[in-house]
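Visitor: Protein chains in written order, with this note's numbering: chain G, 4 to 340; chain R, 266 to 1235; chain B, 30 to 240.
The hints are simulated quantities; they were obtained by calculation from the structure and are not laboratory data. Keep in mind that this is a model prediction, so the values were computed, not measured. Think of the CB as a built atom: it goes at the ideal place given N, C-alpha and C, for glycine as much as any other residue. Not one of these hints is a red herring.
Computed beta-carbon distance windows for the label pairs: (1) G:Val104 x B:Pro59: 49 to 57 Å; (2) R:Pro904 x B:Gly61: 47 to 55 Å; (3) R:Glu1140 x G:Ala95: 51 to 59 Å; (4) B:Gly61 x R:Asn358: 26 to 34 Å; (5) R:His522 x G:Ala95: 58 to 66 Å; (6) B:Gly61 x G:Lys207: 53 to 61 Å; (7) R:Pro904 x B:Pro59: 39 to 47 Å.
Think about it this way: if two alpha-carbon atoms lie no more than 30 Å apart in a straight line, the pair counts; the simulated DSS-like pairs of lysine-lysine are: (8) R:Lys1137 x B:Lys74; (9) R:Lys1164 x G:Lys70; (10) B:Lys113 x R:Lys389; (11) R:Lys1164 x B:Lys74.
Spelled out, the chains give:
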Amino acid sequence: MRPTRLPLHALLLIALLAVQSLAASTFAQAQLTQVPGQNSPTTKEQVPLYVPQDDKLIGRVSIPDEKLAVLVQPEGREWREWRTHTLRLAIAGLAIGMTAVLAIFFLYRGTIRIHGGKSGRLVLRFNGLDRFAHWTTAVSFLLMALTGVILTFGRPLLIPLIGHQAFTPLAEYAKSIHNFVSVPFVVGLLMIMGLWLRDNIPEKADWTWIRTAGGLFSKAGGQHPEAGRFNAGQKLVFWSIVLGGIGMAATGYLMMVPFAVSGIGGMQIMHVIHGLLAAGLIAAVIGHIYIGTIGMEGAFDAMGCGEVDENWAMEHHRRWYQEQLRKGYVEGRQPAE
Amino acid sequence: MLVKRSSAKAAGAKRSGLVAALADSLESGVSRRGFLRRSGLAAGGIAAVGALPGAMIRKAEAGPILPNVEVVTRKNVCTHCSVGCTVIAEVQNGVWVGQEPGWESPINQGTHCAKGASVRELTKGTRRVKYPLKLVDGVWQRIGWDQAIEEIGNQLMDIRKASGPDAVFWLGSAKFSNEGAYLYRKLAAFWGTNNVDHQARICHSTTVAGVANTWGYGAMTNSYNDIQNSKALLIVGGNPAEAHPVSMQHMLRGKEHNRAPFIVIDPRFTRTAAHATEYVRIRPGTDIPVAWGLLWHIFENGWEDKEYIRQRVYGMDEIRAEVKKWTPEEVERVTGAPGSQLRRVAEALAKNKPSTVIWCMGVTQHTVGTANVRALSILQLALGNIGVAGGGANIYRGHCNVQGATDFGLDVSTLPAYYGLAEGAWKHFARAWDVEYDYLKGRFATKDLMEAKGIPTTRWFDAVLAKPGEIDQPSPLRAMMCFGHGGNTVTRMPEMVKGLEKLSLLVIADPHPTTFAAIKERRNGTYILPACTQFETDGSRTCSNRSMQWGEKVVEPIFESKDDYAIIYLLARKLGFADEMFKHITVEKDRPVPEDILREMNRSCLSIGATGQSPERLKMHMKHQADFDKITMRAASGPCAGDYYGLPWPSWGHPEIRHPGSAVLYDTSKHVMDGGGVFRARFGVERNGVSLLADGSYSKGSEIEDGYPEFTMAVLKKLGWDKDLTPDEMRVIQAIGGGGAEVDNVSWQTDLSMGIIRVALKHGCVPHGNAKARAVAWNLPDPVPVHREPIYSPRPDLVKAFPAIEDRRDFRLVQLARSLQFKVADSDLRQRFPMVLTSGRLVEYEGGGEETRSNPWLAELQQSMFAEINTKDAERLGIRDGAWVWVYGPEDGSKAKVKALVTDRVGGGTVFMPFHFSGYWQGDSLRGNYPPDTDPIVLGEPVNGVTTYGYDPVTFMQETKVTLCRVEPA
Amino acid sequence: MARMKFLCDAERCIECNACVTACKNEHEVPWGINRRRLVTLNDGKPGERSISMACMHCNDPPCAAVCPVDCFLQTADGVVLHSKDLCIGCGYCFYACPFGAPQYPRTTDFGSRGKMDKCTFCAGGPEPDGSVEEYQKYGANRLAEGKLPLCAEMCSTRALMGGDGAVLADIYQERSLRRGYGSGAPGWSTAYGRNDRGSPFAPGGPGTGGA
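Only chain G is shown next, with the shape it has when bound in the complex (with noise of 0.2 Å):
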């Protein structure tokens, strides 16, 4: 059956109103005796070959492929535009740009340390479920992000370096990984969202731990403000990850069945929306690997083996810390009476 127009960008849909109204005023002329008007060319070379507006042009197909009904649709430049500049440059841009301020955080700060010094004491910070949650999320995640960067990154860079003929299984691989690596995503998106949403939830006292930027440039160290089992920091990343995550999911799988609920201007729109919280989320990843790791000492140990020690605890969580203790969860010690 012939389709009935596709639903797409209103303003679009204004001029090609405003198109249609003129071709019909231009056919509308080719009255009975066919004589040319006032505005009708003399000489072949007037005749202009093209319809001057190349906007959006939509009418009915007799075939069941209702997308096709689309005859010409000039966003499709702007979609190249930003798929060869503007996608590279914002993934690439972040993550460079992240990488470039935390190795000038890392030569003015360096590894922060446990003010205090280790204690050798204990606390459980996260249980074996927990840390399940985090890895399949971060594994996933880093295993799309590498493959979404080989096909974004993958012309420029490495078609030069190993050829044609072996990047396209390279990129093959990557496309299915990228697909189907989206499962466990999905899964440990879900699992750390129903562990730590509660403990997420934004409270009074984030505000004063991003005044103070968490202490991060108190270089006497130390100087933390409290808070609870996460920080404001932490809170960030961890909303970024949820609300990055749901984003680039649901995006991503509508862009895997396509033309489902949307034409292509709705699909084109979901890449970049796709594009967009990628580059964000790879730049803010890059952050937490860096203050979770060489950052910040003791840090990598929570997600490692699930258990930090006190003084980290106290000095980064004291809240939390004391509620520990409170609960007796602190190796060694007898809860605070």
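Got chain G sorted already, so can you dock chains R and B onto it with the hints?
Guide: Just chains R and B now, kept in the frame of chain G:
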């Protein structure tokens, strides 16, 4: 960007030939403009490739399918519509592997429509019938050819014995070649019945009747190409953009080159109307008021061609009297077309001459079809447009050989070449076939039935269901032999299904099983014979413009299929008259040779001038297509020099006298040996004291510079021209005349020596005489066309003023008209069925559509049956575009479930449905009823499931364009 | 060297679908792959026009620009081809193409849509001209045989034209002048640029990306 194309250089070098060919022509002396003109590029695109040397065009040695295998090129003609596009087939190892544009054809010049561009699929034939089949208790069984012919033959003989030869209905096909059509008519004659018909009944029978009764011959007067000479085009009830797309090439060129007004009158804003300069929307079924409305303005303003009317038209004053009634206000009241618009159209036609009128089934398929045709013919006569290049009545026929099949007598009312059924006609053919007249008479039940019109295809089921007393023949129909004819093409399908159920024998010979095979009511007594397409056999076919083209066999019949000649021969042999029937036709390996059949036709079909088109001449034309002019269709050089392409009939006399054919009928500006002509003296020489012969008008070079009657021995003697006959010719004429006074009655039509024709031509005269065209045809039910409302009229208030014709009997059956119309008008039917239903064509499909719906390349483009509903109606009824709807018809509780296509293409209150679909019945799929692997890819409800009663009185044409219906969301 | 282009004269096109079936016929294009299609604008209303659309073989093909594996190539004639050996079926070319030309064998297969297929201007693919592999992957290579695309060659009203852009422009302009008006050749400016008044497209020029 990747640069990988290692062969780019080599390819570039090869291609440079093409580019060089273009560039050379552009630079060497000829200006680009001149080059473009010469090559046809300026007019039409990339035909320049046609100007490349042959070697360039041949397929590269490394072909796509099989490298290093020889590619043979064969030329045939598209089997879909009457335009007659040349198809170039590339064959490897007996397989059709590629299709190329036939640049040289003057008709299509390399172009095709969707159907033409897809014909190669026919010989791949995945959905074709592959072997003979027999229906046993509802299950299809594979059988062999011998068994099939044996069983069918025995059953036919049994029926003949019990019920007489008229109990068998022989339905032929417009997809036969000329030779096949002629042979099939001959088969029916030897079987002993006039119950032999084909698709022309339901497409242009009214045109043939109307036009032949006006000026002599029932055919398109000019040609598609000639429309390029037209200064104005009027298309009424036709949609060539979908039905004859390649003709649009000529029409649009005419429109563009001459800046010609391009006017479309139609109830539906068709794809043709989209290209019109003026579109007039009318209420369906009001063509006569529109024609008279146009003539009203013409007469009122004195725009008619008075001298032409004086010299060449009989009875125009009676027309004036009728036209006077149709004032602009009255026309608008009845048709809905504004008077000011019709005035503009009339002026455009009158002031841009020559103007042409084109019509199709929107005019013919009505209860007033013949009168519609006559009204438009009279319009053209008033404007003096007939017999003029650029003018004419350009009637687009339907199927690829519906013109030829009509010409060669697949008709219930005539023998080949419109000789009729009178004793004289039978005697003529008895002589031509070299059998005794008494032998033929003996084959029939009675002499009366031998001379009585048979049962037409529109009413065959009425003849099956009739009780013995209700039908003017000894027995109702008991068997149907259906060759190449869809089952969903006639109206009132619920009745048709009942008729089908009652038949004791149904034989379908077709490349596809057709709707007949899928009707679930039949469980036994059905046979399917795999007939091949015209691409798997050879023979000639006549396009709408009367050009005959010889099609060359592209591949051998695929699977176990056989061509029509062979099947007809096998039946004739089984029925016991093959020896008589094929007395002068060579039969090789059980297959009659088509060239021999054509030669027999050339010898006998004198009346339409189908005598000059010998197989040798036709083949030569196909071979030297490039020599023919693309507009005049005349060859300037080469072995065919002087000929018109395809020797459009009449091509008078023996092939040896080399008559060039007649591109424009009745054209007095040319010598008769140059294709000139005059109106045919077919209806006597005077009526009520008024001469019917032309007055001071004659074809160029005629020795009689006035009208004259048709040539007989008596006329020759009177003129003293009988001395020009040779002794051989005299001997033949004497023999035909039986030696006595009858000799004077031997006419140009019966003189098998063609001496009378030769002598007439020698003196510059047209053998059929020189008469006036008849504006008044006194032998028709309506001598002057008058408006009559359709049976199921959407305007009951007009019915009493414009009633249908009185009930009558014809074609061996009762025809209800006025009684039914009044009953409908007086009932509340209009309230229950408030919408007008009309039907029409889609470009992707043809006819009943089984063949084209089985072709994946076409089927993909239209995957569901639909009904077009006006946006306002849809809104009112709550119908969304693409949603399912039920369309209810007013008879038999009929209904069809289709998809809604909401569009302003149809006017408010009108529903349009295409007629190509079948395979669904009132919501249920019949897919399982087709023989395995032969069900078409796309199935849908047939529109004729909901169409209704209504027949033209002259030909029993069915009314498909106006009935009532109701639409409801499903 | 000719610069190959398509031009569809909206004034002539009658939506007969010959181009579509010619394409199916010549290349044995499977069901569901619409290398060429017809779109009707203003369907059923005055001013209705139909356009035959396929890959226009743009001067600066967006599909080639966005392809992550760089599988496109443009011949010296300006024909845009692609390598099915390299294509990973990501679908990006459809995002970028202004004309909806790229087609995919599968609509959803968890992200793998099969190798992209599109109009080749009847010029086959990167394989050797006229080879069996070329035919199987891309269809016939008419250009190598000195023939133009079959869709344009068979167009019933000569609305769709394919060939040297300069010649097409000339024909179109002459035709429009003769009829006194033109209703445009949609897609032309999008594909070939606004200032491209029939000037031959130089190989290696700005639009080819150096090809």
